[in-house]
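Peer 1: The task is to assemble the complex, starting from two chains supplied on their own in separate frames and drawing on the hints.
In order, the protein sequences belong to chains A and B.
Every letter in the first sequence is one number past the one before it in my numbering, and letter 86, counting from 1, is 86.
Every letter in the second sequence is one number past the one before it in my numbering, and letter 239, counting from 1, is 239.
No lab work stands behind these hints, which were simulated from the structure alone.
Bear in mind the structure is a predicted one, so any value in this text is a computation, not a measurement.
C-beta: ideal position from N, C-alpha, C; glycine also.
Do not take every clue at face value.
Said to hold, decoys possible - According to the in silico footprint, chain B covers these stretches of chain A (three or more CB under 8 Å from chain B):
#: 1; region: 8-22
#: 2; region: 61-69
#: 3; region: 131-143
Claimed, not checked - Which chain B residues stay away from chain A? Per the calculated CB distances, all over 10 Å, these:
#: 4; residue: Val13
#: 5; residue: Val50
#: 6; residue: Asp77
#: 7; residue: Gly269
#: 8; residue: Ile272
#: 9; residue: Met301
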Amino acid sequence: MNLYQYIAEALFFAFILLTFSGGLLAVRSRILMHAVLGLAVSLLGVAGLYYFLGSPFLAMMQILIYVGAVCIMIVFGIMVGYTPTEVVSRGIKGKNLVLALGACISTFLLLLVALNRATWIPAAVHRGDFSLAYLGKSLLYQYCLAFELISVVLLTAIIGAIILAQDKEGGHF
Amino acid sequence: METAVSHELVRMVIAAVLVIAFVFLNAMIMGYLERKISAHIQRRPGLMEVGPHGILQLLIDGLKLIGKQLIVPKDADKPLFRLAPLLSFTPVVLPLIVIPFGPKLQVRDLDIGLVFILAVSSLNVMAILIAGWSSNNKYSLFGAMRSVAQNISYEIPMLLSLLAVVMITNTFSMQGIIAAQNKIWFFIVQPVAFLIYLTASFAETNRAPFDLPEAESELTAGYHTEYSGMGFSLFMLAEYANMFVVCSIATVLFLGGWRGIPLPLGDYGPAIWFFLKVYGLMLFMIWVRWTYPRTRFDQLMNFCWKYMIPFALVNLLVTAVVVKLI
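If we strip away everything but chain B, and leave its shape as in the complex, we get (with noise of 0.2 Å):
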């Protein structure tokens, strides 16, 4: 008894250390892809200076921001301004708990895993908000209410695209999700879903078309305006990890999670394929934000009210009817 208890225990830890690790690591492949990829879009060669085309360049801006001083304003509320960039890192980490990187690679498959997953995630306009609040400046006010006001909006169309799918599954639990597409990917079944959810997804993450609470152009950085040093890298990480999430619950709900042609690697086929799909989205992503104009927030707003929501509930009541009928 006493072993397993140990165990079981050890197994936690590394889970949260490795949970955590991957978060940086994908934040700075990220990071890299994003600088690399939009340099290219924009026809400039990028990050170059730092080891072979910039690759370490992450590595370094990492140090840098760790040694830079942290400013808090002087009209600042200093302990949720300190609070904020920790509350938006929590329930981005949290979802990776559930997510299932391969058959077994999972650090506990939950019954609940999908409500888990947005429960949890739901707290990150929380802490947008805090920061922009506590922040004391118009540009970061501004940034976080725009951020709330998207976040919540594109939730809804957002919650019942999904809805759709777990209709057909009839089960919350994320590998059980991936054994309902055993035969057919559920992006063929669900396309107009998969869309929907796609597109809300750029307004959850907070990235163009949708950056609006952000939108350098008028708000300065918005909602992260007055932070420097790390509190400003853990709302960075905190974004591609709020990505990684978004993509990867896009993966196991459209994509058929680790499903594809079997690989002679043993367990580690599933999570090769696991990790193709989702980075594949992300750079959809990356390469969307890259080639569209910013939509203004009047467009934005009209868009999700008007047609998204709409066709997410025609969606949805055909589902159930077809669901009922078969």
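If we strip away everything but chain A, and leave its shape as in the complex, we get (with noise of 0.2 Å):
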């Protein structure tokens, strides 16, 4: 292995710890400004893992679109209503702890057999192309439904903001 192997394992280790240790800042966190910041490092490090995939494009498009949209937008949600030093949830005990840790245990288990199973196509090498009529064509082609579910997704945020911003007693804006 030469010393660009080296740095490149070193920056995938970097980017898993990343998306690890964000992940836990976003449920783990007593304030809510706090697991929103740990929310993006976890999206940014899910970004950097696209770029490991051979997708850079898919890297960008996701620190623009949840980075840097998305989460701005949750924080900004956040920011009408909190000060730094309030302090929201009070952690999981109880019955309710073991519940908890029973479904990430069997979640876990599951994709584990799932991940043991399944066999792995090498990621599309990076191809360089670039153009807007490759990308129109992959998204509205090839990866039609994913896009289309992406959409719905959005809209039932745009729904979710609506009802939210209702008008309580009255019903209407």
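Peer 2: Structure (structure tokens):
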């Protein structure tokens, strides 16, 4: 292995660490703002992993959309309601702890089985073709389903925002 | 093989040092020019004390800011408060990697250069948000919230106007976009997109007439009210570097990048043209800042959602039809 490969390996593990620690912070932090920033860090790590999977375009889109827009919208929502010192949740206790642990472990095992059974196809080789025509075709032909599903998620978010913003008593805006 | 590796590493280190040095130099030049030009617009001499016509003032200011104590407010969120200035600095330095200063003078020509710049610079808002929130100060929070609302809104027409150009060039590579302008510069082909981009870039850099996030008369200094010393100056550095990035995108996409009348200076000729164009645009931004009053927030939002986005969409549609027909 030459120096480059060492650096690449180190970066790969750094991204994994970033994803995990960000996720942990997002789940465990008692201050809402820290939790969202943890989520942002985790998503940045995922963007790095996309890059390692040979898809720099997807990595950039991940940063642009998830870190740059979605997280900022969440932070915006939090800023309206909380001050820095305010602590929100109290952690999990008793029966809930057992249930949570059980759910986590069973999901982990399920995923482990699936991962073991799967045959891995190596990531597509970076083709260097980032013309609009190519991107449009792959989004609307090859990955059409994923693309449309993401739109459904966004639609749900918009509807949720409208419901939250609605006037509770009158039922209109 | 071993030498090739070390060459590439050395190249990266040199590029990183040069880019950071350039950010500091740019802030010094722009700080001086801004104070001097604003003074002359307001009919006063401006900086005169340190050096001839105050030319060394910014150097002294830099030393003063480095020497100052960093004050963290008592109820602030300390780790985030310290992190925010660094965070604001990073996303404006990264785009300099893909900006083509000349045909060869570029750190890296990525295939997705333009997307890279837009993705990375969208993180800037995050830094402003963290700064405003962690200060635990009403003015900072208001400044940060205004900044986010404004940045998110104006990002849409900005991206739409850039997309119109990318539709013509069919590439995101910065050098590729410049190469596509060998016959005609795109501000002639895409005048609407150019205007929309310029207007949106004022909002993106939080500068007057859209400088509501740091409106002095109502918010003291907006999101960086509580920062002192280097914390404050990192925000200033980031603001000027951001101006530079925004203006160089405008130069690359609409003004032909490093193209110009050939100068007898070899590889430096195109770089001189590039800097002339970028600093021309930056001087234009300073000129506008000190000429027009600040808009109201509802005017700002209405202008974006009711005029700029529809115009940008129509422009995109027309461009798409024309590109398809030709």
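Peer 1: Each hint needs a verdict: does it hold in this structure or not?
Peer 2: Each hint, compared with the structure:
1. 8-22: violated (count 0)
2. 61-69: holds (count 6)
3. 131-143: With 3 residues close enough to chain B, the hint holds.
4. Val13: Holds, because the least Cβ-Cβ distance between Val13 of chain B and chain A comes to about 13 Å, which exceeds 10 Å.
5. Val50: holds (39 Å)
6. Asp77: Incorrect as stated: the minimum Cβ-Cβ distance to chain A is 4 Å, not above 10 Å.
7. Gly269: The claim holds: Gly269 of chain B sits with its nearest Cβ about 29 Å from chain A, beyond 10 Å.
8. Ile272: For Ile272 of chain B, whose nearest Cβ neighbour in chain A is about 30 Å away, the distance exceeds 10 Å, so it holds.
9. Met301: The claim stands: Met301 of chain B keeps its Cβ more than 10 Å from every Cβ of chain A (closest is about 14 Å).
Checked against the numbered hints listed earlier, the structure breaks hints 1, 6; every other hint is satisfied.
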